Structure formats: structure tokens, C-alpha cells
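With the hints as extra help, turn the sequences into a complete structure.
There are 4 protein chains.
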Amino acid sequence: MSDTTDAQQACFEAGIKFGSLYHQFAGTPVSPESTRSLETAIEEAIENQPYCESVAVEILDDRVADAIDHDEGYAELTGSLMEVEMRIDYEGTAVRTRMAMEDGYPRMKLVAVED
Amino acid sequence: MSDTTDAQQACFEAGIKFGSLYHQFAGTPVSPESTRSLETAIEEAIENQPYCESVAVEILDDRVADAIDHDEGYAELTGSLMEVEMRIDYEGTAVRTRMAMEDGYPRMKLVAVED
Amino acid sequence: MSDTTDAQQACFEAGIKFGSLYHQFAGTPVSPESTRSLETAIEEAIENQPYCESVAVEILDDRVADAIDHDEGYAELTGSLMEVEMRIDYEGTAVRTRMAMEDGYPRMKLVAVED
Amino acid sequence: MSDTTDAQQACFEAGIKFGSLYHQFAGTPVSPESTRSLETAIEEAIENQPYCESVAVEILDDRVADAIDHDEGYAELTGSLMEVEMRIDYEGTAVRTRMAMEDGYPRMKLVAVED
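Residue numbers (the working numbering), protein chains in the order written: chain A, 65 to 179; chain B, 65 to 179; chain C, 65 to 179; chain D, 65 to 179.
No lab work stands behind these hints: they were computed from the structure. Treat the hints with caution; some may be incorrect.
Treat identical chains as interchangeable: a pair holds within one or across any two.
[Said to hold, decoys possible] Here are the computed lysine to aspartate or glutamate pairs in the EDC-like style, where the Cα-Cα straight-line distance is at most 20 Å:
(1) LYS173 <-> GLU107
(2) LYS173 <-> GLU147
(3) LYS173 <-> ASP125
(4) LYS173 <-> ASP126
(5) LYS173 <-> GLU149
(6) LYS173 <-> GLU97
(7) LYS173 <-> ASP130
(8) LYS173 <-> ASP67
(9) LYS173 <-> GLU136
(10) LYS173 <-> ASP70
(11) LYS173 <-> ASP153
(12) LYS173 <-> ASP133
(13) LYS173 <-> GLU122
Quick caveat, the model's predicted, so the values are computed rather than measured.
Right, dumping it as C-alpha cells:
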């Protein structure tokens, strides 16, 4: 085991934000009428966390509409209904991350690290 | 055990909304800069649920500010930081509920039932 | 608006427990190897809440297995993967509730109220 | 921006698990009678996630007892009531992480990375 680098710490912090975002808000009742307010709340909530410079959430209205059970009128937020981009800054290291569908499954990806 | 009444069903539905609201959003990172967006998102999310006519959430900026750990810059949403009022309508029965501090503890209350 | 009865209060409390259970634990990573521990934890957690006499949770291993994406090896807990029964006692009024699939959708039901 | 290394990916995955664990289970009703089942469920749930080799959770009974409001009989799980250790393995890189109190605040720490 070696000492950790700032870049590794930055990636760890980026992961924390992604796991937080997903498991805090997954399950939230959502309909096409409430997507914009939920996007904004998720962005501003996670941006409160340390080292989190920016969060962009897009909840996909058409996928939400498709996911809605006819009788209920809402879906529960899950990874396949949204796309997320985040930028973390830790002690001068910038990290970009992204969640989007890949092979039919939502994936959280470490996109780039700027040492 | 007897059959249930519409008023009892309405109270059950009202309770579901309160438990949902609380356990979906408790733990959300919050600061005085993000209270308004979180209030709106909570209201619109829970209003998606069946029989839920209106939800009003007030997150108390001064209590959020007091709850913030100096180094972190945010608090986690919990019952003592917000006040909630809800109105449920189930088959013609209206129910009003409320959460607010009482004896230093957040309490979910069934305020009134209109048969 | 009239005063509320003990039976209505009991139904409100029963609803709170159901909404709490669902929105606290929905989204939890689950596989057939972890269903038993999750059932027990959900039961004991919700039984801590006031007026909650008993909670029985059955997470359906076969449905969990069917829900698992091949590459990931786990599913996220949702209403269609479990059955729940609860008994609430409020000031001498007993309430029984149940969640199970109905018309392809998980429904929380007020089963009986004993005044 | 440069390509990412396996060590950086491993740290990102480690962070995801920590954020997931925290925001999935924070807010769970807990008492000294339910700590053991909750520990086990958290461990087995998060171990379902990819690259997660082991999770050890200790919920501190004495802190839970201190956090309980007298009338309610339970507390809500939060970072100050538990200690967590995790080991992630990503493509041959091992990462150890830890959450414990530091200066009165729960901190998620990247402890070591073995390239």
C-alpha cells in the first residue's frame, strides 16, 4: 500500500458525489410535470458537498412518460431516466464524471482527470 | 376486524405521503443557498402520488444555517429543519396533516378529517 | 373538519410506516445472497417506530434473480420484489396493512381496522 | 485532460460505494436492539456492487443510545453513529477506505491504494 495522490483523492471524492446523488434521489416520485424542479434540486443539493464544482442533471421527459404506469401517474426516479455530468475540483486536480445509458444499463463513468 | 371506511383509507394515504416525503428526502445535503429548490422539488414529487392534492414545504433557513458544521458548509435535511403541510383527498374525504416541532421533536400530525 | 378518531390516527400511523419503509429502502442493492439480511433489517428498523407492533417482509428471491442485469449481478429493491405485512397498534386500535402485487403493480393496502 | 489510470478508476469506484452506503441508509430508524441486523444488511447490500470486495460496518450502540429521544425510542442512522471500512478491487488495484469521526465530524477517507 502506497500513499495516495491528489488525483486519486479527487477521483474518490467524485465517486462519493455520484453514489450520494444516486442513492439519495433514486425512488423519488417523478412525472413530466416535476422533472425540472427535481433536476434543479439534485444539482443544488450535491453542489453543496465539498470539492463539487458543478452538477448537471437531465431527467428525460420521454423516458419518464414511458415509465409511468397508466393508473398511477408517476414513475420512481432511477438511473435509466436521467443523465448526469459532474465536475469535481480537489486541491487543483479536476475530475469529470458522467452517467448515461450504455448497453441498456446506466453507467457511472470517470471521464477525465486533469492533474 | 371490520371493513375500513373511506375516512380511514384517506388517513392511511395521508400517512403514506408523510413517510414517503420524510424518508425519501431526509439526508439530502442542504444549505441556505439550496433550500428553495429543494422545497419545490419535494412538493412537486410528493404531489405526483395518488390522492395527494397539495404539499407545502418550508425549509427553515435559519435552522439550516445553525445546523451547518463550519468546515463542511452544508447540513443533512432532517425533520427539525422543515415544516410541512399536506392535503389529501380520497373519494371525497379530505385530510389535512402537518409536521412541525413539538417539545423539541418533529412530529407528523393528523390535523383534521372532513368526512 | 371534525376531530379525528383513534381509528383514523391509527390508520395515519400505519401509512407513515409504509411510506417510511418503502422510501428508506427502495433502491438498496439486492441479490439472492442478501435478501434474508435485508428482510430482517427492514423489519427491525421499522418496528422501532412508534405504534408499530410487527413488520414482516418477504423479498422474493425468484423475482430478484429475474430482475438482475447479467453484467451487474444485483438489482435495486423496489415494490415488485417484495411483500410486506404490518400491524400497528394505536391507543387500543389495531390496524393491519399489506403490500403485494395487484394488476402488475405493487399496492399498499389498508386491510383491516379493529376499533 | 489525460486518460484515466486503473488506480484512479479504483478510487472512483470506492467513492461510489461510500456515497451509496451513506445516502441509502442514512435516516434508517435504529435502536440498540436493531443495530446488528442493520450492520449485516448494509454490508451485504453494498458488497453486491461491482468491484466491492468487503464492507465492515459497526454501528455504535452507546452512541445510538445517547442519540435516542426519550419519547421516541429510536434514532435516525447518521455518520456519527457508525464506523465503516471498505475494500475495493478494480482490475488488480486494491483500495481501502474508512469512515470515522474526526474533529467531531464523520469523514470518508481514502486510506490506501495498492497499484
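Could you check the structure against the hints above and give me the numbers of any it violates, in ascending order?
3, 4, 6, 7
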